[in-house]
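Colleague: Construct all of the structure, not just a fragment, from the sequences and the given hints.
Residue 190 in my numbering sits at position 190 of the sequence shown, and the numbers go up by one each step.
Among these hints, one or two may not hold up.
[Stated by the list, open to error] No farther apart than 20 angstroms at their CA atoms in a straight line, the calculated lysine to any residue pairs in the SDA-like style are these:
1. LYS97 to PHE68
2. LYS97 to GLU82
3. LYS100 to VAL61
4. LYS100 to LEU64
5. LYS97 to TYR83
6. LYS97 to SER86
7. LYS100 to TRP128
8. LYS97 to TRP128
9. LYS97 to PRO127
10. LYS100 to SER113
11. LYS97 to VAL74
12. LYS97 to THR75
13. LYS100 to HIS111
14. LYS100 to ASN78
15. LYS100 to LEU89
16. LYS97 to ILE84
17. LYS100 to GLN88
18. LYS100 to CYS112
19. LYS97 to HIS111
20. LYS97 to ARG116
21. LYS100 to THR80
22. LYS100 to ASP10
23. LYS100 to PHE68
24. LYS97 to SER113
25. LYS97 to LEU87
26. LYS100 to VAL114
27. LYS100 to VAL60
28. LYS100 to ARG90
29. LYS97 to ALA79
30. LYS100 to ILE84
31. LYS100 to GLN9
32. LYS100 to ARG116
33. LYS97 to CYS112
34. LYS97 to GLY77
35. LYS100 to GLY77
36. LYS97 to ASN78
[Stated by the list, open to error] Label pairs and their computed distance ranges (CB to CB):
37. GLN93 to LEU57: 47 to 53 angstroms
38. CYS12 to ARG90: 40 to 46 angstroms
39. THR75 to VAL54: 35 to 41 angstroms
40. PRO91 to LEU23: 55 to 61 angstroms
For the record, the hints were derived by calculation from the structure and aren't laboratory data. Backbone N, C-alpha and C fix where the C-beta goes; we use that ideal spot for every residue, glycine too.
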Amino acid sequence: MFANLWLVQDACGVTCAVFTWLLLMYAEVVVTSVILLPSWPSPYSICHGVLYHVLALLAVVAHLRSMFTNPGAVTLGNATPEYIESLQLRPGQLVYKCPKCCSIKPDRAHHCSVCRRCIRHMDHHCPWVNNCVGESNQKYFVLFTLYISLVSLHTLGLVAMHFVYCFEDHFAGTSLYSLPRPYVLHLFFIVVMASCFLSVIFIILFSFLCSLTNSCILHNHHFLLLLLILLLSLSLSSHDDDVRYLIFHLSIALFIVWSKTVLMIRRPADPSPVCFLPPHPIHHHNQSAACPSNLLILLVPVQAAALYRQLSRSCYWSCLPSKASSSSSSQQLCLEPRCILSAQMKR
Numbered sequence: 001m002f003a004n005l006w007l008v009q010d011a012c013g014v015t016c017a018v019f020t021w022l023l024l025m026y027a028e029v030v031v032t033s034v035i036l037l038p039s040w041p042s043p044y045s046i047c048h049g050v051l052y053h054v055l056a057l058l059a060v061v062a063h064l065r066s067m068f069t070n071p072g073a074v075t076l077g078n079a080t081p082e083y084i085e086s087l088q089l090r091p092g093q094l095v096y097k098c099p100k101c102c103s104i105k106p107d108r109a110h111h112c113s114v115c116r117r118c119i120r121h122m123d124h125h126c127p128w129v130n131n132c133v134g135e136s137n138q139k140y141f142v143l144f145t146l147y148i149s150l151v152s153l154h155t156l157g158l159v160a161m162h163f164v165y166c167f168e169d170h171f172a173g174t175s176l177y178s179l180p181r182p183y184v185l186h187l188f189f190i191v192v193m194a195s196c197f198l199s200v201i202f203i204i205l206f207s208f209l210c211s212l213t214n215s216c217i218l219h220n221h222h223f224l225l226l227l228l229i230l231l232l233s234l235s236l237s238s239h240d241d242d243v244r245y246l247i248f249h250l251s252i253a254l255f256i257v258w259s260k261t262v263l264m265i266r267r268p269a270d271p272s273p274v275c276f277l278p279p280h281p282i283h284h285h286n287q288s289a290a291c292p293s294n295l296l297i298l299l300v301p302v303q304a305a306a307l308y309r310q311l312s313r314s315c316y317w318s319c320l321p322s323k324a325s326s327s328s329s330s331q332q333l334c335l336e337p338r339c340i341l342s343a344q345m346k347r
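Modeller: Shown next as structure tokens:
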């Protein structure tokens, strides 16, 4: 049962994944015991309890599937003449060998230094799921971010309403510095959930932007720069010190993300660019790719193999690299003959 279980042995990733579960457990305790149980079984508690637990369950399932699903790792040590001959390449056609894991790199594959494998259609390595985001678990990662943002928004609303109600009912006219500890924890929880919501919703919007523009994540860094300029202009034009302080810190976080993205783009070109979308066409083995034909398959973090194969026959994506990136990659690879295997080897 667990023979094909995928788990990256990384201390930082395991710590981040466990911390994610602890945050979800903390939210469960606060929402259930502090907010919903005191008014149980009122319609308010029943409706919000069912909605919260459904979203939390979907988030946990999506996180587990993202963490324990093979993201599309290339087989180790397949750079053999027999395997190259089985590819049936044209004379003079080049294939690329990864010098780190001794594997033939398919198109749009990228080597991950944490997983120590080449990952097909690698988007990035996420420590919060302790796994790479590739062609086989991309759907689960997007669903995880979506459900976490919904859980954070729902919890943020429940805690904020409960805090305002209790403060007006029991502590009207009391200074914030003299509040009891439970209400201080409420404020801390509001800040944590708001931070989670803002960070995750930014990832979702940027991922969907790459999907709509049919481009790669690293090629959309100019949108981050435009958003950074917009936030800085809002910070300068705002007359409220608190709003200006919040926007300024968001601008700093966005600048860090943008600078890291630019550094990744300007490093030596990789023969397989990082891309968000699946290749053209979608094959039956890529059951996690996002197909717009059926929202039910998109919104549920499970595999519906038969139905998905039937729908994926009519669902195609085109995500080809730009000519500039292709030419620069070819020039970079020609400088290192040890990374190139020619199709003429089979002769």
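Colleague: Would you mind marking each hint as holding or not holding in the structure?
Modeller: Status of the hints after comparison with the structure:
1. Between the alpha carbons of LYS97 and PHE68 the distance comes to roughly 27 angstroms, so the proposed pair goes past 20 angstroms and is violated.
2. A distance of roughly 14 angstroms separates the Cα atoms of LYS97 and GLU82; the hinted pair therefore holds under the 20 angstroms criterion.
3. As the CA atoms of LYS100 and VAL61 are separated by approximately 33 angstroms, the hinted pair breaks the 20 angstroms bound.
4. Distance check on the hinted pair: LYS100 and LEU64 sit about 28 angstroms apart at the alpha-carbon level, beyond 20 angstroms; violated.
5. Of the pairs offered as hints, the one joining LYS97 and TYR83 holds, with about 12 angstroms between alpha carbons and a cut-off of 20 angstroms not exceeded.
6. Between the alpha carbons of LYS97 and SER86 the distance comes to roughly 15 angstroms, so the proposed pair stays at or under 20 angstroms and holds.
7. Annotation: proposed proximity of LYS100 to TRP128 is violated, straight-line Cα distance about 25 angstroms (limit 20 angstroms).
8. Pair hint LYS97 plus TRP128 does not hold up; C-alpha atoms about 30 angstroms apart against a cutoff of 20 angstroms.
9. Under the criterion of a C-alpha separation no larger than 20 angstroms, the hint pairing LYS97 with PRO127 is inconsistent with the structure, at around 27 angstroms.
10. For the suggested pair LYS100 and SER113, the alpha carbons sit about 9 angstroms apart, so the restraint of at most 20 angstroms is met.
11. For a cut-off of 20 angstroms, the pair hint linking LYS97 to VAL74 stands: about 11 angstroms separates their Cα positions.
12. Between the alpha carbons of LYS97 and THR75 the distance comes to roughly 12 angstroms, so the proposed pair stays at or under 20 angstroms and holds.
13. As the CA atoms of LYS100 and HIS111 are separated by approximately 8 angstroms, the hinted pair is consistent with the 20 angstroms bound.
14. Simply put, LYS100 and ASN78 have alpha-carbon atoms about 12 angstroms apart, close enough for the 20 angstroms limit, and the pair holds.
15. Proposed proximity of LYS100 and LEU89 is contradicted: the alpha carbons are some 23 angstroms apart, above 20 angstroms.
16. With a CA separation close to 11 angstroms, the supplied pair LYS97 and ILE84 stays within the 20 angstroms bound.
17. A C-alpha spacing of about 24 angstroms is found between LYS100 and GLN88, which places the hinted pair above 20 angstroms, so the restraint is violated.
18. Of the pairs offered as hints, the one joining LYS100 and CYS112 holds, with about 10 angstroms between alpha carbons and a cut-off of 20 angstroms not exceeded.
19. Distance check on the hinted pair: LYS97 and HIS111 sit about 11 angstroms apart at the alpha-carbon level, within 20 angstroms; holds.
20. The straight-line distance between the Cα atoms of LYS97 and ARG116 is roughly 14 angstroms, inside the 20 angstroms bound, and the hint therefore holds.
21. Taking the CA atoms of LYS100 and THR80, the gap is about 15 angstroms. The hint holds against a cut of 20 angstroms.
22. Proximity of LYS100 to ASP10 is assessed by CA-CA distance (about 18 angstroms); at most 20 angstroms being required, the pair is judged to hold.
23. The hinted pair formed by LYS100 and PHE68 fails the criterion: a straight-line CA distance of about 23 angstroms is larger than 20 angstroms.
24. Restraint check: the Cα-Cα separation between LYS97 and SER113 comes to about 16 angstroms, which is no more than 20 angstroms; the hinted pair holds.
25. Restraint check: the Cα-Cα separation between LYS97 and LEU87 comes to about 14 angstroms, which is no more than 20 angstroms; the hinted pair holds.
26. Pair hint LYS100 plus VAL114 holds up; C-alpha atoms about 12 angstroms apart against a cutoff of 20 angstroms.
27. Taking the CA atoms of LYS100 and VAL60, the gap is near 34 angstroms; set against the 20 angstroms cutoff, the hint is violated.
28. The straight-line distance between the Cα atoms of LYS100 and ARG90 is roughly 26 angstroms, outside the 20 angstroms bound, and the hint therefore fails.
29. Taking the CA atoms of LYS97 and ALA79, the gap is near 7 angstroms; set against the 20 angstroms cutoff, the hint holds.
30. Taken as a hint, the LYS100 and ILE84 pair is honoured in the structure, with Cα atoms around 18 angstroms apart against an allowance of 20 angstroms.
31. Proposed proximity of LYS100 and GLN9 is supported: the alpha carbons are some 18 angstroms apart, at most 20 angstroms.
32. Restraint check: the Cα-Cα separation between LYS100 and ARG116 comes to about 8 angstroms, which is no more than 20 angstroms; the hinted pair holds.
33. Distance restraint check for LYS97 and CYS112: the Cα-Cα separation of roughly 14 angstroms lies within the 20 angstroms cut-off, and the hinted pair is therefore satisfied.
34. Of the pairs offered as hints, the one joining LYS97 and GLY77 holds, with about 10 angstroms between alpha carbons and a cut-off of 20 angstroms not exceeded.
35. Distance restraint check for LYS100 and GLY77: the Cα-Cα separation of roughly 10 angstroms lies within the 20 angstroms cut-off, and the hinted pair is therefore satisfied.
36. A C-alpha spacing of about 9 angstroms is found between LYS97 and ASN78, which places the hinted pair at or below 20 angstroms, so the restraint holds.
37. Checking the proposed 47 to 53 angstroms range against GLN93 and LEU57 shows it holds: the Cβ atoms sit about 48 angstroms from each other.
38. CYS12 and ARG90 have their C-beta atoms about 43 angstroms apart, which keeps the hinted 40 to 46 angstroms range intact.
39. Hint check: THR75 to VAL54, Cβ distance near 39 angstroms, so the stated range 35 to 41 angstroms holds.
40. Taking 55 to 61 angstroms as the suggested C-beta distance range, the pair PRO91 and LEU23 conforms, at roughly 56 angstroms.
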